[in-house]
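> The lines below spell out each chain.
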Amino acid sequence: MYSFEIESPTSVADAVAALGKEEAQALGGGQTLIPSLKARLAAPSVLVSLKNIDEIKGVSINGDTVTIGGGTTHATVAAEVGSAYPALADLAVNIGDPAVRNRGTIGGSLANNDPSACYPAAALASGATIVTNTREIAADDYFEGMFTTALEEGEIVTAVKFPVPEAAAYIKFEQPASRFALVGVFVAKYADGVRVAVTGASEDGVFRWSEAESALSSNFGADALDGLSLSGDGMISDLHGSGDYRAHLIAVLTKRAVKAAA
Amino acid sequence: MGQLGARAGLYDAATVRVNATGSISVMVGAHSHGQGHETAFPQVVAEMLGIDESMIDIVHGDTSKIPFGMGTYGSRSLAVCGSAMVRATEKIINKAKKIAGHLLEASDADIELKDGQFTVAGTDKSVAWGDVTLAAYVPHNYPLEDIEPGLEETAFYDPANFTYPSGAYACELELDPETGRVTIERFAAADDFGNVVNPMIVEGQVHGGLAQGIGQALLESCVYDENGQLLSASYMDYAMPRAEDVPFYQVDHSCATPCTHNPLGVKGCGEAGAIGSPPAVVNAVIDALHSGGYTQVDHIDMPVSPHRVWKAMQG
Chain A
1 MYSFEIESPT SVADAVAALG KEEAQALGGG QTLIPSLKAR LAAPSVLVSL
51 KNIDEIKGVS INGDTVTIGG GTTHATVAAE VGSAYPALAD LAVNIGDPAV
101 RNRGTIGGSL ANNDPSACYP AAALASGATI VTNTREIAAD DYFEGMFTTA
151 LEEGEIVTAV KFPVPEAAAY IKFEQPASRF ALVGVFVAKY ADGVRVAVTG
201 ASEDGVFRWS EAESALSSNF GADALDGLSL SGDGMISDLH GSGDYRAHLI
251 AVLTKRAVKA AA
Chain B
1 MGQLGARAGL YDAATVRVNA TGSISVMVGA HSHGQGHETA FPQVVAEMLG
51 IDESMIDIVH GDTSKIPFGM GTYGSRSLAV CGSAMVRATE KIINKAKKIA
101 GHLLEASDAD IELKDGQFTV AGTDKSVAWG DVTLAAYVPH NYPLEDIEPG
151 LEETAFYDPA NFTYPSGAYA CELELDPETG RVTIERFAAA DDFGNVVNPM
201 IVEGQVHGGL AQGIGQALLE SCVYDENGQL LSASYMDYAM PRAEDVPFYQ
251 VDHSCATPCT HNPLGVKGCG EAGAIGSPPA VVNAVIDALH SGGYTQVDHI
301 DMPVSPHRVW KAMQG
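Protein chains in written order, with UniProt numbering: chain A, 1 to 262; chain B, 1 to 315.
Don't read these hints as lab results, they were simulated from the structure.
Virtual Cβ for every residue (Gly too), placed ideally from N, Cα, C.
Just so you know, not all the hints are guaranteed correct.
As the list claims (entries may be wrong) - Cβ-to-Cβ under 8 Å is the rule here; a few derived chain B residues that face chain A:
1) F68
2) M70
3) L231
4) S305
5) H307
6) W310
Construct all of the structure, not just a fragment, from the sequences and the given hints.
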């Protein structure tokens, strides 16, 4: 780890100001950034910890919308979202281990946009809105590829607004070593249609499987997916699985998610 | 081992140092790094002398203190180093009986050692272990013309043969035909390790070996890319078995055929779990595929990852 300054603002305004410094980097729960610093893969001169900003923490449930502060840990989501959006709580409780869940935050996960992370699938399948200190971004416009998002330099995810679906489920097939998603599929059924988001698989990061969405929107049953498949082209291929295997898993897991949601 | 044509003695060594107080330090050539030598070795000496195990300390790993040994490998520590320890303890007993015989004014051939007491056979005349050990170092009443003071002996033991533990392992697993994921449901391991000194340690060694073998069979792998870069360089990519990857084991050591050529009748147990489990797991995977109709699959390289199983099922 290289040396760095650390700032711990207590308001979003102060955090934004601190992030204006040269080579400043926001620090959420640190579950990706700290290991990167230890491996000297990143060398920010200033870390701006968002941990002490109370205004971006917590869960509020209002009608058909669950709003989760960007600084809310996975453990809190798991504990507090279950009554309103069980599939989302189920996703959160299966991220990493207790240590990760008690440090890692939803804002950090979405800002990092790891291609194997779980939350991007939930946000995209739910058509969530990512709220920042300056604007609101629809999930469909937010994810721009592996580790890439619509966030500008110094922009902070302050909240995520999830419309609550009629039915939903997230099925994760774990990579054997890291237990990240080798493939994860989030299916969410809304009055105006079904959304299917896939994480872990594509070289372009989280994506929607539109053919499955169309089929499921007219018939929300696993049999609606019979015969649908994806190509392995453009899928991640690594020591844990080829692109073809990941493409195969997407179809399997989507069916399982539909069964779990129904 | 020299007799078997190894052209070298695969001996090990132990020094048993009895202190004036009767406590004992056993310096051993074999190293303990989790196998519990510190527990099992004193049990052997304590039983031979009839004293409490807490009086015996095992010294290992410091080459400035221990005799030269060949080391801990090949499931040999108790069978080879333990045998050296037995031999050294036998020397201790022989000398201690001479001292006891002198104290009791009897022939050492008539001295019996039981429960930490030296007794003249057929009489109620006895001296305690501690009386003898004190006399060994404070030799005012001592057979100085016959033996030196002190009570410390070293023995080297070169085994006449290998030990031959044997066992049978059975693995029951479920295979998800859609994803290729394997889940071990039950695992039973029956081993004949000969005489067992400490059943709990032996069971623990088998448990650890099974976890290691299951890890090898299903998870663990060093992978390099075509440029020689190690891809599995961290636990993000190197899959170690975790508690959820292994079942509750059933182990059985009810068949105990003593080894015929070492004084303890013990056989190696350290590696058995890791040796028997990989083929049991892989055979069970192949069996599951055959029962599922995938009779063309007769081999899958370890680790049998979900991806490899799925690929094998594609033909």
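> Confirm or reject each hint.
Evaluated hints:
With a least beta-carbon distance of about 41 Å to chain A, the hint placing B/F68 at the interface is violated under the 8 Å criterion. Given hint, B/M70 at the interface with chain A, is violated; its Cβ is 36 Å from that chain's nearest Cβ, farther than 8 Å. For the restraint placing B/L231 at the interface with chain A, the shortest Cβ-Cβ distance is roughly 5 Å, inside the 8 Å limit, so the hint holds. With 8 Å as the threshold, the beta carbon of B/S305 comes within range of chain A, its nearest partner Cβ sitting at about 6 Å, so the hint holds.
Annotation: interface hint on B/H307 holds; nearest CB of chain A at approximately 4 Å, less than 8 Å. Restraint check, B/W310 versus chain A: the minimum CB separation of about 6 Å is within 8 Å; hint holds.
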